[in-house]
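J.: These are the residues of each chain, in order.
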Amino acid sequence: MASIRSHSSSYSSTHLATRSHSILGSSSLKRISKEEIRLRFASSFRMDPSLKLKASAGAEVLAESIVIKEENEGKSGNSSDPFNGMKQRFLCFKQDKFLKNLEHFEVLAKSQTPKFMVIACADSRVCPSIVLGFEPGEAFILRNVANLVPPCEKGPSETNAALEFAVNALEVENILVIGHSCCGGIRALMSMEDKADSRSFISNWVIVGKTARENTRAAASTLSFDQQCRHCEKESVNCSLKNLLTYPWIEEKVAKGVLSLHGGYYDFIDCTFEKWTLNYRKDSVKDADHRFLLANREFWS
Amino acid sequence: GVYGDNEDASGVRAKQLAVKLSSMLSGSIKSGRQLQFPDSRSRVDTTSDMSRGQETPAIYIAHYHTLITSHLFVYFNSKNSCKGGFTVKISMASVNCWLPVSSSLINEKLVAFRSSISASLGSSSSFPRLIGKKPVFSPALRKDMGMTSYDKAVTSLKKLTSEKGNLEPLAAAVGQVAAVIDAEPVERIKTGFIHFKTEKYDKNPALYGKLAKGQSPKFMVFACSDSRVCPSHVLDFQPGEAFVVRNIANMVPAYDKIKYSGVGSAIEYAVLHLKVDHQLVLFFTVGLSNPLTSVLTFESVINTVECTQVENIVVIGHSACGGIKGLMSIPEDGSTSTDFIEDWVKIGLPAKAKVKAEYDSGTFAEQCTQCEKEAVNVSLGNLLTYPFVRDGLLKKTLALKGGYYDFIKGSFELWGLEFGLSSSLSV
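So the protein lines, in turn, are chains G and P. Our numbering puts the first sequence at residues 1360 to 1660. Our numbering puts the second sequence at residues 1360 to 1786.
Hints are computed from structural coordinates only; laboratory data are not their basis. Some hints could be false.
[Said to hold, decoys possible] BS3-like cross-link-like pairs, simulated, lysine-lysine; straight-line CA separation at most 25 angstroms:
1. P:1754 to G:1459
2. P:1562 to P:1577
3. G:1593 to G:1513
4. P:1577 to P:1549
5. G:1446 to P:1549
6. G:1513 to P:1705
7. P:1556 to G:1456
8. G:1469 to P:1577
9. G:1601 to P:1562
10. G:1513 to P:1616
11. P:1572 to G:1456
12. P:1577 to G:1453
13. G:1593 to P:1549
14. G:1453 to P:1572
15. P:1705 to P:1684
16. P:1572 to G:1601
17. G:1456 to P:1705
18. P:1768 to P:1754
19. P:1684 to G:1593
20. P:1618 to G:1446
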């Protein structure tokens, strides 16, 4: 497969066009003229024979799509269909929530001061706003595959950029890492080889949870694979919490008592939620593990 | 003293104010009048005598309602933790509540915050919220919650106020409530979860039973981590509908297995890892020779393989994005002041370049708004660097969309990205 390089300063195109630019919900519905984006890939891309084959196979259909389309909302109902669903969803939100709490949203529009930062999985079933009832403005939420937090030494990533923003700029008081049942990412972690499979993105990412897998294998080797996965899901939350403390600005705030770290586990088979707090003692003379204590365990069902 | 142990200047002031307000309020109680609140102007007057001092107590005057009645809660807090306050039972009709005010912020942050009182307590979703930089009360009191410690403290307060005794025992009770309020965050998520379980999970066993076995979201959404733009709220996604990735400034970086494995793995998982198109067809064809087994094979495939047919990838930007503002603020020489944030938002540099070129004369705020939208386009373009995304686009099984949620105006823009390859010309 041709390798794609994206240039940081300029980019040019095959034909990419934005079409059917529609504004929903604003008082004056106006047409915005389409913007043309030009993105050009490395020329080797065009040479790739397999792509050419596909192109020629559906030549008419594809040739059509190159042309920059004008907005034709009036002409055929079909063109606005892909957007109709999202439009209804947004208008629903606007009716039921936004307009009914206008002052609240006006305050929010000026600034956000959430008390929580939540790290949750991208899984469609575990949105923290739904499961834990967070309203707009309450929680700064990062979602990635398997709710993993890489340690500081792994270098920059979207997870630690979000952490830095939440802890240093927004000054949240609580970080909550939520694991969940039947996590595909954890399952992939438990199933994969010891070394990351270089062909796959997923293995390159979930390898961050390697310690959790080792701990699980040590503690639960006699259990079935499903039970081990479940154990790993919780273990990974704890490893992520410990990884949080590898960031100096987080450790400082936790030691001062202005930031609390919590773990959570949402089981959507039984609909239960477990939560606990990580207590951290900086000056413990014992070994590393004794600095951490899991406390305030609660189980809601 | 009544309001705490420290007799410092701010404590004295707080006490004076407490006395002033309490006489005002208790006067109303005694006369049985409907309680009238000072309007915002007179509130300024009340607190302005503190504005000249160095140590300025903050005053929180909050309103909350329980299932039974509505309370006014006046709470004082000075820097030396001289705390005190009292509650007054009032009728629902005459309520104002406003944000904590500390003198230096008096002019900027003075907001008369009229709560949206839900007259029939049947509407569980709206209750007053106070959001500000100082401690806030967010009493998330919902139906059938059971007696938490918060409830108990409130009940005892109610009793005390109805007795109209002197304010001393009130102060003690207030201290107790304050302590409970400090433990609010955990209570908050607990009530949130119980509400979800009773109002949603238990009421839709068919849906949640199906979800427990697998997920098949049709949408993959990239949204910002900003607390105000959760796609479940803004686009009303229900559990199981959208695979959601949230990061700073809703960025999708270009294909890079080492540096950007986080985002890459999410896209791979959603688009490729669980897709079953081909497998289903294969099984079905193989089973055709024996009609009976073909049916059985087909069934077993559906049951064992998770079917995720993500049809739309949507990248949603939003107004007042801190990440984009950070991107626009990176100095020309490229020097950074954060460990990770700027490194991440640099993904959007092409958008910044375009905005600076085309909107040179605009204000910084206008440029940020344009950049918020352009960055979505950069992310959409970056999505094309993932072979499995391009594949899906060519086969028309996948569509890319960009969105922009403006929570200042309350509007949502939506646009699509077309991608195609022209037929090749042979010469």
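J.: Each hint needs a verdict: does it hold in this structure or not?
T.: Right, here's what the structure says about each hint:
no. : hint             : verdict
1   : P:1754 to G:1459 : 43 angstroms, violated
2   : P:1562 to P:1577 : 23 angstroms, holds
3   : G:1593 to G:1513 : 22 angstroms, holds
4   : P:1577 to P:1549 : 30 angstroms, violated
5   : G:1446 to P:1549 : 33 angstroms, violated
6   : G:1513 to P:1705 : 18 angstroms, holds
7   : P:1556 to G:1456 : 21 angstroms, holds
8   : G:1469 to P:1577 : 33 angstroms, violated
9   : G:1601 to P:1562 : 37 angstroms, violated
10  : G:1513 to P:1616 : 14 angstroms, holds
11  : P:1572 to G:1456 : 31 angstroms, violated
12  : P:1577 to G:1453 : 22 angstroms, holds
13  : G:1593 to P:1549 : 19 angstroms, holds
14  : G:1453 to P:1572 : 32 angstroms, violated
15  : P:1705 to P:1684 : 12 angstroms, holds
16  : P:1572 to G:1601 : 31 angstroms, violated
17  : G:1456 to P:1705 : 34 angstroms, violated
18  : P:1768 to P:1754 : 37 angstroms, violated
19  : P:1684 to G:1593 : 36 angstroms, violated
20  : P:1618 to G:1446 : 35 angstroms, violated
Of the numbered hints given earlier, the model fails hints 1, 4, 5, 8, 9, 11, 14, 16, 17, 18, 19, 20; all others are met.
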